[in-house]
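Number of protein chains: 2
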Amino acid sequence: MTQLEQARAGNLTPAMKIVAEEEHRSTEFIQAGLAAGNIIITHNPHHPQGRPLGVGQGLRTKVNANLGTSMDHIDYEEEMLKARTAVEAGADAIMDLSTGGDVVALRSRLLNEIPQALGTVPVYETAVRTVKKGKRVVEMDPADMFDVIEAQAQAGVDFMTIHAGVTRESVDRLCAQGRIADIVSRGGAFMAEWMIYQEKENPYFAQYDRVLEICRKYDVTISLGDAMRPGCLEDATDRAQIQELIILGELARQSKDAGVQVMVEGPGHVPLDQVQTNIQLQKRLCENAPFYVLGPLVTDVAVGYDHIACAIGGAIAAAAGADFLCYVTPAEHLRLPSVQDVRDGVIASRIAAHAADIAKGVPGAREWDRKMAKARKALDWEQQMALALDPKRAREVRESSRPQTAEVCTMCGDFCAMKGMSEYLKKK
Amino acid sequence: MTQLEQARAGNLTPAMKIVAEEEHRSTEFIQAGLAAGNIIITHNPHHPQGRPLGVGQGLRTKVNANLGTSMDHIDYEEEMLKARTAVEAGADAIMDLSTGGDVVALRSRLLNEIPQALGTVPVYETAVRTVKKGKRVVEMDPADMFDVIEAQAQAGVDFMTIHAGVTRESVDRLCAQGRIADIVSRGGAFMAEWMIYQEKENPYFAQYDRVLEICRKYDVTISLGDAMRPGCLEDATDRAQIQELIILGELARQSKDAGVQVMVEGPGHVPLDQVQTNIQLQKRLCENAPFYVLGPLVTDVAVGYDHIACAIGGAIAAAAGADFLCYVTPAEHLRLPSVQDVRDGVIASRIAAHAADIAKGVPGAREWDRKMAKARKALDWEQQMALALDPKRAREVRESSRPQTAEVCTMCGDFCAMKGMSEYLKKK
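From first to last, the protein sequence lines are chains A and B.
Using the working numbering, the first residue of the first sequence is number 1, and each one after it goes up by one.
Using the working numbering, the first residue of the second sequence is number 429, and each one after it goes up by one.
Simulated from the structure, these hints should not be mistaken for laboratory data.
Beta carbons are placed, not taken as given, at the ideal position from N, Cα and C, and that holds for glycine.
Treat each hint with caution, since some may be false.
The calculated lysine to any residue pairs, modelled on SDA-like cross-linking and capped at a C-alpha distance of 20 Å, are [unchecked claim]:
#1 B:Lys855 to A:Ile196
#2 A:Lys419 to B:Lys563
#3 A:Lys200 to B:Lys855
#4 A:Lys217 to A:Pro14
#5 A:Lys426 to B:Ile608
#6 A:Lys427 to B:Tyr625
#7 B:Lys645 to B:Gln434
#8 B:Lys805 to B:Gln832
#9 B:Lys847 to A:Val131
#10 A:Lys419 to A:Gln404
#11 A:Lys371 to B:Glu662
#12 A:Lys377 to B:Glu662
#13 B:Lys805 to A:Lys419
#14 B:Lys628 to A:Tyr424
#15 B:Lys820 to B:Val767
#16 B:Lys805 to A:Ala176
Computed far set for chain A versus chain B, every beta-carbon distance over 12 Å [said to hold, decoys possible]:
#17 Gln49
#18 Glu234
#19 Leu285
#20 Asn288
#21 Asp390
Given these sequences and hints, build the entire structure.
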């Protein structure tokens, strides 16, 4: 039985207990959220040493780091280092988006060495298989699409992005809409291109029951991919995007009815003033299924700093109810990310997630900042470093510039307001 | 006559024309905003080659970079390099917050070499003078406070932070409130400590007419300092802060009535869900005087990455109506910023400002992103690099990882969604 089925049956699983403890919530809260479909616990029992990850309403906002090879850059050791770096930096989940070289072997290493939840986009492996056979992506065999899902599920993948919302209906609406950037989702583009070339309906949509059957068997969480996510601000919140979201809402409902855990993916590039609207709309149309957002990026021009554009959008999105943030690295729109890019991306998204958790009142979030504030006022530098979101970085910067008086910093020296006020307020 | 007095008299000044052109607004719009006190043009005629800077309602959100020596770190060449770096990175204004070494000589170089608006906090120089005489900050002579304002105005400083809102009333409320971090504003702490030690009212408040007289003479814009800005989330939006804001609103009114241009400074450390409230409150209590925010930082724990916490808060603040963002660098709370910190801080705040300008509908903001989106879809890399907020950085990252096919990037290689969709949508 999946965690969703267990919760509905009134059973308390070890995974629910682990999540409850980590989230400072009661087991009843977790169980009720699961049963209602507001919470998922992504945890494929086939993932060796895999750790259950709770995502959803009332829980800490989670952060995912994407990594993986591309045809232009294949270095397995570097990808493993990215995975370890992401985990060290505090990522809650990893998505392996490999499309170059031996993608099965790399994934197997990730599943064996990384206990954090692992996600994939199965159509990538189907595309890689097809190209290796000397065919084009538009010639993918639907049988291969389902075989890959089953093989990955058996190997222990915890959650999978399935682009089932890119249908004849949504592609027609896309064409009628007219967009600047059309489709920018890689998996979404594969499916749309396949549908146009084959003149057929999307197999993931047409045979969604097959997807459900496999995912139910291995308790794989379906992450409904947003093929129509806007690739620029100008395309945001348009009819193509919202049409797909309606279909995703229907598929989410169908998944839950089948006992399969499900979350929904969201934009993308969204102007700051449309972010909240997008969250409210997803929550309503998808009946509170957990929302997994990529970004959103609040400007198209922050090339080289898209982790910052993402942190702005992600913080607003998460404060408005998004549950899971997919990081964006400084390399986005430019190249495959480096190890340092991965680190910077994870930290930026964690800042966004935490700022949102304070706003949402997630248990424990505000207490962390209160402790930091007290350590700062006490000029207790050891505590400040220990409480930093990234203690390593905080220590490096602090140690690079030593003040004459150990208790202050080189910004203000002995003119330190914290120090002076403590002295004079005592006299008052 | 100040720009405010000229606007009220119905005169169109060269500065108004320059600002109108830069902002894609009519001269009537600028003049009306100035006359109403919703817009300021900070421009001291004594600033050699100084360029007028418009700040306020309906205008592009501006970014300020703080720099300057401290007692622990005195390197004039480094500060000059920080200033040039900030300007290259796109800062609209510089604040010289020097408190170490020959602060007058450094400021003179800044005024002579940098045409961007220059701001100061005059009480810093008063404190430095006092300490050089072998006295403590709490022994500052009020005469020195006004002498410094006059000397700096004569030298060409465009805007000055005056901590006139830290009064007996607001300090009493601070003590009654009970805070974790008390006062974290350096200038605010100087004044509060002085008042407690001297048992006297704040001279900037008690003799505010003297401040106004000097600022009117040189058309120096007063930036009403927020001594009571929260130094941690827990202290945000408390009675001490709002009491000071009420006083600042009264002083802003008094300034405008005297023909002196004025803006108001704001927090600080503010939880994400209180940012908008803070902006609305300032706009109302200060009768739409331009709002200059430091941050706000939406978490206390992002040590080493406070430019990102600042970008999140700044974007939300500016979208809600803040007009001027003071950057925060990655070195905040740790040390005096390096040249690289200055660059990173300016870029992060520019991203926030631009994201907000899109949301606010500032003329030209959205068009920039539309051009980038079209360049991206056309796989026109030269245009993408040229349109980047920081073209230098974008080029560096792009060139560090060359794809096999020149038209794509190493993230997706030939699986590029932009490329594939263009090909297949043509066939449909």
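Indices of hints not satisfied (ascending): 13, 18 and 21
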